[in-house]
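Please model the complete structure; the sequences and the hints are all you need to start from.
Here are the chains, one letter per residue:
There are 4 protein chains.
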Amino acid sequence: MTAAPLARRAAAEFLGTGLLVTVVVGSGIAAETLTRDPGLRLLENALATAAGLAVLILVFGPVSGGHFNPVISLADWWLGRRDSTGLGAAAFTAYVPAQVGGAIAGAVLANAMYDEPLVAWSDHQRSGGGVWLGEIVATAGLLLVVVALARSGRAGHTAWAVGAYIGSAYWFTSSTSFANPAVTVGRAVTDTFAGIAPGSVGGFVLAQLLGGVLGVALSAVLYPRTGADVDDLVIPQYDVPTERH
Amino acid sequence: MTAAPLARRAAAEFLGTGLLVTVVVGSGIAAETLTRDPGLRLLENALATAAGLAVLILVFGPVSGGHFNPVISLADWWLGRRDSTGLGAAAFTAYVPAQVGGAIAGAVLANAMYDEPLVAWSDHQRSGGGVWLGEIVATAGLLLVVVALARSGRAGHTAWAVGAYIGSAYWFTSSTSFANPAVTVGRAVTDTFAGIAPGSVGGFVLAQLLGGVLGVALSAVLYPRTGADVDDLVIPQYDVPTERH
Amino acid sequence: MTAAPLARRAAAEFLGTGLLVTVVVGSGIAAETLTRDPGLRLLENALATAAGLAVLILVFGPVSGGHFNPVISLADWWLGRRDSTGLGAAAFTAYVPAQVGGAIAGAVLANAMYDEPLVAWSDHQRSGGGVWLGEIVATAGLLLVVVALARSGRAGHTAWAVGAYIGSAYWFTSSTSFANPAVTVGRAVTDTFAGIAPGSVGGFVLAQLLGGVLGVALSAVLYPRTGADVDDLVIPQYDVPTERH
Amino acid sequence: MTAAPLARRAAAEFLGTGLLVTVVVGSGIAAETLTRDPGLRLLENALATAAGLAVLILVFGPVSGGHFNPVISLADWWLGRRDSTGLGAAAFTAYVPAQVGGAIAGAVLANAMYDEPLVAWSDHQRSGGGVWLGEIVATAGLLLVVVALARSGRAGHTAWAVGAYIGSAYWFTSSTSFANPAVTVGRAVTDTFAGIAPGSVGGFVLAQLLGGVLGVALSAVLYPRTGADVDDLVIPQYDVPTERH
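Protein chains in written order, with the numbering used here: chain A, 1 to 245; chain B, 1001 to 1245; chain C, 2001 to 2245; chain D, 3001 to 3245.
Listed below are several chain D residues computed to face chain C (Cβ distance under 8 Å; list not exhaustive):
{"hint": "1", "residue": "3042"}
{"hint": "2", "residue": "3144"}
{"hint": "3", "residue": "3152"}
{"hint": "4", "residue": "3171"}
{"hint": "5", "residue": "3172"}
Stretches of chain D that chain C covers, calculated by requiring three or more beta carbons in the stretch to come under 8 Å of a beta carbon on chain C:
{"hint": "6", "stretch": "3162-3170"}
{"hint": "7", "stretch": "3212-3223"}
For the record, the hints were derived by calculation from the structure and aren't laboratory data. In this text, all values refer to a predicted model and were calculated from it rather than measured experimentally. Glycine included, every Cβ here is placed at the ideal spot set by N, Cα and C.
See below:
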């Protein structure tokens, strides 16, 4: 089968990452408005994100792989670089701007739905050693989930597993598990529950990259390559209808 | 295999849409009665709706497609109109009244179970630009889920994915995601938690139709037609026992 | 393949129904002890029951069908009576006492874990037209789920669908959806959150039987028999290792 | 297919058990910090644990079986001892220290993320007849789930079923269902929500062993051996890429 044209794949990454940020920010605003207990707010935000993320991977996975995350795209390129499986360099350079642009657009959409200023810097400081460690753990775990399922031929579980993982990691990591540089940037432009102050973005992204390296390293130990085609991350593009040329 | 007779399919749409509204309205009444925190009420309502909707699609899908929603039936007709797949015009004109009638009956049933007046106009005003935008987003996303899964040959995921999507969209959209004209009408006849004032119905339905068009357009970009049979929306009627003629 | 011996099937019904009541009563006691908001108590109880019930059907389904419910056993017998599929009369008369005995034992076990009196009549009155209507709806819906999935060849979904259905029905029915005469009897012997006063048991059981008849009738309309083997309810006994004779 | 080398399998048990304890302890700290209602804290902890545990079994299952639990490893050895299926004695003696060491490391990691002392004895006393009975029930049920699914050829359900089971058992057992000696030891070194006083560990472990024996006995009654290969517990190692020698 043929992969979808790059423009369509990039559009899927733009839309998917955008809607993911809409889910995170929008449900955060609703939780903050409707609920008093801070833990219950986080629970509402986590459940909406877990369910929404799983569905978005199901919807966009066959088109673009459903990465929505520069760290996953980077890992996909790295793991497949030797035998030209995985994401090519051209695709990688198209995916990342689509993800970041989509994330910002998704935050703007959430702000618009809730009559918040369309763009507003968050003043929610998120930093410190414990929090950065949380973000390393969160991202390493995410990569482990994605690579393990792909390399063991069980990518059909990926969408629900990634949703469940992130829903859990909202709670077990001290950073509430952003685990995604594009989403982190998008969350900087909303001054609401899920926001992150621009000054905290750099530390988060650095921790996410470290976590990504750790996650890929752990995956390589647990699921070493064997020559079998265990390449494209997340959803193999098995069923994509493509245009005839 | 043969589709079920139209009368039986319409009966399935009547029952399914009806029970969906019973789930939404009934769980809303229970939440309002038992819980104080407004966010927790919405969480209870959202979880009951997500689980109930998934099960209803599983139950009625093989008979009628499990639409329960005029916007989905309209999209099914539109997407299959060229090659006579999808819903025919006769079926469409049977489905929509069944859905609307079922929705009203379902609200009456919920009112009856909770000893509320069987029919009472809601006085819950729901309007404004942000809310209508929410309803556009909610409906576009719903169509995207349904069409993407059908066109990529993964309709086996549709029931759980639609349940998860709506549960999430209760939170991330500012309108709590009605996303369904029939259900909107049904929710007008109960003066309880999930109700909507009759004067707000028109704006919601218009927004839902716009969202439906947007969702179909996005789906067509992401999953263009290829001539393969990727037609009937939601649950393909693969396993339906049909009467012999 | 051969069905398991009747004694083992009855043991599975005893254990499964017992553990189901342990889940319902035990989680109810924990919720009542730990939480103040009545709706949050019900949510905790509903989530524990939904997850626990799904798992119990997975565990015991291949041995006995995972009925845990005289109304389901009755429907299984009735629907298969003409062509000797479904539950035989001998099995039916073994299943029901196992279910009722298990339910009582399960309540005793929950009481014991929480240092409650091992047997205590509940003083929780549950009656009235709205509540009985709720119980009719709850049981009709349960039968519809079970029969529809069996007759459309999708019994692999039954365990999770029944769990999700009951979790939802805790909320959308006014009776909190007992939907099971054996469980109703078991819940009479615990004076805790999930209890039901002995004087309310009769009305509930009657409503459940009416709901069962309604559910079977609706199923027969939606999924008429076709001569294909669409018989044993819940989990087909496809994979059961049986002793060699 | 060949099993992964023992060192890699033990590493998977170390990592998996460690991350499981990180999930339990970390989400407990977050719940305690953010939420006031004790039941809501337990709900947050239970949902994070259920989702996280399911994902960890998916991730590590193909490498090591995803036991994370000495009682499961013991049962795997015992059930397969006659015909050399299941865990060998050498593997068993590698698994248990990996699990216990991982559990302690996982608690330290959670403490570190939340800026708690890296190691601190819990002062949370957990003992008494009702609580020990709870732990017996919790562990017996866990073994029943794992063995029943393996012996009926449905190990593909195991990850989600075990997650759902433990999430439910947090609520229906009076002990909040530790059900795992390694995790119990790990939870002794954190003085936070999920901790257990060192003096309570012995009673819990004893109850877990009794529960394990009971669970295996019940499984053997319900799913007697038939000579078919129904051996390795949890996730059969069906898809593991292994190194070539």
